[in-house]
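Line by line, the protein sequences give chains U and X. Add 31 to the 1-based position in the first sequence for our numbering, that's all there is to it. Add 6 to the 1-based position in the second sequence for our numbering, that's all there is to it.
Calculated pairs, DSS-like style, for lysine-lysine (alpha carbon to alpha carbon, straight line, at most 27 Å):
| id | chain 1 | residue 1 | chain 2 | residue 2 |
| --- | --- | --- | --- | --- |
| 1 | U | LYS99 | U | LYS32 |
| 2 | X | LYS109 | U | LYS99 |
| 3 | U | LYS73 | X | LYS17 |
These are calculated hints, taken from the structure and not from any lab test. Predicted, not measured: the structure shown is a model, and the values here were computed from it.
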Amino acid sequence: KQEVTQIPAALSVPEGENLVLNCSFTDSAIYNLQWFRQDPGKGLTSLLLIQSSQREQTSGRLNASLDKSSGRSTLYIAASQPGDSATYLCAVLNAGNMLTFGGGTRLMVKP
Amino acid sequence: DTGVSQNPRHKITKRGQNVTFRCDPISEHNRLYWYRQTLGQGPEFLTYFQNEAQLEKSRLLSDRFSAERPKGSFSTLEIQRTEQGDSAMYLCASSVRDRINEKLFFGSGTQLSVL
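Next comes chain X alone, as it looks inside the complex:
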């Protein structure tokens, strides 16, 4: 499968626990994005990597959130001390650098439920 892969597909956790999600982008894509989507809403931008460098971070990304992309390949998104408001679908996307034609390919997402 050459698409964007996200794991796990679903995560149920108790409030206050830490969770980590993984995203494996399409292999030749140097850009990687994290988005968050709540029910009935469009996805909201969280952060963006070009290779291993984290270039943009949304104000939605509080201190409890951290994202990494070591070696410019896969990426992880960690949420510490989860809150019920963190419940959402977390989507990862990747693309190649070509500003005009930049087309994002999305994974199937990780659905987080914080109890």
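This is chain U alone, in the form it adopts within the complex:
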């Protein structure tokens, strides 16, 4: 059974800092890995999708990397802003047709 873990569970940083969120998964037989953002009481917004054959994806200030063999992914956020405050969820898609999520990292960026 696939298990996804995210560290840290919560993070508070001053505005402007670069930060790294970590995600690990136990079964490396994945199709892809996605990073989502979730604002309080809202649904999920997909940020980045990395195919199993890819090493990284970039979108604006966000960069996600994937090391499938070691079961790890990182989400790098450059020059953080208060508007980045949200919960960030990592999820992997495997052969079971289900997306397995980590518990999320709650990020607070202080002005």
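Here the structure of chain U is known, so what remains is to put chain X in place on it, guided by the hints.
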């Protein structure tokens, strides 16, 4: 609006009552998923449809839960005889069939509170 739509946004019910939620996926998406999320946790898979066929069901989906997707369009999730432990956010997502690039688009969810 071409996103995934869920109704209602919030539902408050008394224990023992039945509730039904609706999800309208993005029109060209043939896959539809239901997830449940409790406070401070990541979403957990409940069930999955490809067109009108329900192909996967989680062990979390007890006998009190039933999901349908008639005609492969919208889907409903019904919970019978609700319990306080059913209180959660119920999320629907849809996608197109492309295993490597399958990207799920989520609705805003239905927040269920069972009193």
